[in-house]
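Next come the chains, spelled out residue by residue.
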Amino acid sequence: MKLELTKEENEMLEGKQGKATRKAMEIITTLGEIYGAEKLIPVSSVQIAGVSYHNLGEAGLEFLSEMAEDGRTRVLTTLNPAGMDMEEWKKHGISEDFALDQQRVVDTFEKMGVITTCTCTPYLIGNLPHYGEHIAWAESSAVCFSNSVIGALTNREGGPSALASALTGRTAEYGLHLPENRIAEVKYEIDTDLTETDDFGLLGHVIGGRTGRMIPYITGIRHATMEQLKSFSASVATYGGVAMFHIEGITPNRTTIPERTEVITREDLNKARATLDDEMAIIDFISVGCPHASIKEIAEIAQMLDGKQVTEGKTVWITTAKPTKDLAIKMGYYDKIERAGAFLVADACCAVAPLEGRFTGLMTDSAKACFYARGKNKFKTEIRTVAECIKEALS
Amino acid sequence: MYQGGVVLVQGRKIFKGKVVGEALVTGEDISFYGGCDPETGEIVEKGHHLEGKSVSGKILVFPTGKGSTVGSYVLYALKKAEKAPLAIVNRTTDPVVAVGCIISEIPAVDQIDISRLETGQRVEVDANNGVVSIVE
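Line by line, the protein sequences are chains Z and X. Start counting the first sequence at 1; every next residue gets the next number (my numbering). Start counting the second sequence at 1; every next residue gets the next number (my numbering).
Note that these hints are calculated values from the structure, not bench results. Be careful, since some hints might not be right.
The calculated lysine to any residue pairs, modelled on SDA-like cross-linking and capped at a C-alpha distance of 20 angstroms, are [stated by the list, open to error]: (1) Z:K39 with Z:N10; (2) Z:K378 with Z:A281; (3) X:K79 with Z:S65; (4) X:K66 with Z:D278; (5) X:K46 with Z:G132; (6) X:K13 with Z:R374.
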């Protein structure tokens, strides 16, 4: 056994710091052994996934409750989206039974000391590590954003392994924690201008599909907003299992530039759009905010909806983090959105809420949302710009 | 070691424990999330080699896991429902199954040449020492 533990880590593994810490240490050391780690390293930030009761189920909740008996977080730990807005769930058509179960999950995390943010964009609301920091994040879009855009180092953790890092303050040193595994492996030249978030989602679809798990080095993008980078992160992680990318002139990580080059044209993006657009989709659900909408996106949507009315028979969810929703309330954006008949939904998103059977067709600007809408909820999908999504809601 | 037992190979401990039971062997990977009923232990993935068979109480032998990380919680659900496999033997254990075995306390060993095992054999899994042997 090559994995060496410090005296304190051995104590955790032997149960001297409690039952939950022992279980957490078993998870971390076993993963370390599987991947050939030589030591554990401290992490300063954790993001936990597996929060929606819809995905977790009673058994998942039972495991969390067992860990919560004596398990307490040792580092800053935030939480992925839940299956509903924790306050306004009723008006979004969530059942009483589901709400009770979802509350039990969130309460269990809170008991462990987790900050129950319920967002896939922890970096927008106070969990923002810096370049070079070692962290343990689940939520594939945030993992990709962190590794690539921020430059904080994390593997693609699952729900239990992220929780294990929260309770021990450690992760095993392997994979993307090692500089040699963060080097670009294939170069993509983008031969078209990308203007909207949906374009970046489509680019993620193309690169994810081609590159698999290889780290891409992307050239030809002159400018990208934070919102576009979060859209790309979500899509490339969904369609390719990518946990890190480089964009020339935009992302901060050092790398050599791969020789192998592939060109991506507008035609490739159009093909990706065609695969995400179902024929004969009847759109009765419009959702923007996968990953969670920023305050800038919400301000723009509020402007588009101001004084207008969502067409009867259509439901609009703009999904975001609770602190961002609070800011939107203060700024009057919430009123503009809700007066138009759309919902500003905090804590949840269209991918993890229990929505199967409620709608038939989703229009969204998010390539990732299309994947989950089709797979889990059996909706037909269309991917459009945010402005086109709002136009559809009003027509 | 049992008299006449064939030691297959020195594998690697994933989670501790020592059990003897009947092997259920497949050459296909298993996704526990969506592929295995968490209440009965039945493999429900369409077209899977083990479709319709239950993993409950068996020494479950398969190459590696696949699919969503929620699969770890399915193993935990099986354990709580007393429908879990007695032990798991893999060629390579993936993180989803490894974490599932740890949280559910299911003995597990990997780095085993699973082509030497057959369904119906009585097998001992000594996960503490990472050894798998055919008892009869």
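A quick look at each hint next to the structure:
Simply put, K39 (chain Z) and N10 (chain Z) have alpha-carbon atoms about 12 angstroms apart, close enough for the 20 angstroms limit, and the pair holds. Proposed proximity of K378 (chain Z) and A281 (chain Z) is supported: the alpha carbons are some 12 angstroms apart, at most 20 angstroms. Proximity of K79 (chain X) to S65 (chain Z) is assessed by CA-CA distance (about 16 angstroms); at most 20 angstroms being required, the pair is judged to hold. With a CA separation close to 28 angstroms, the supplied pair K66 (chain X) and D278 (chain Z) exceeds the 20 angstroms bound.
Using a Cα cut-off of 20 angstroms, the hinted pair K46 (chain X) and G132 (chain Z) is violated, with the two alpha carbons roughly 44 angstroms apart. The straight-line distance between the Cα atoms of K13 (chain X) and R374 (chain Z) is roughly 39 angstroms, outside the 20 angstroms bound, and the hint therefore fails.
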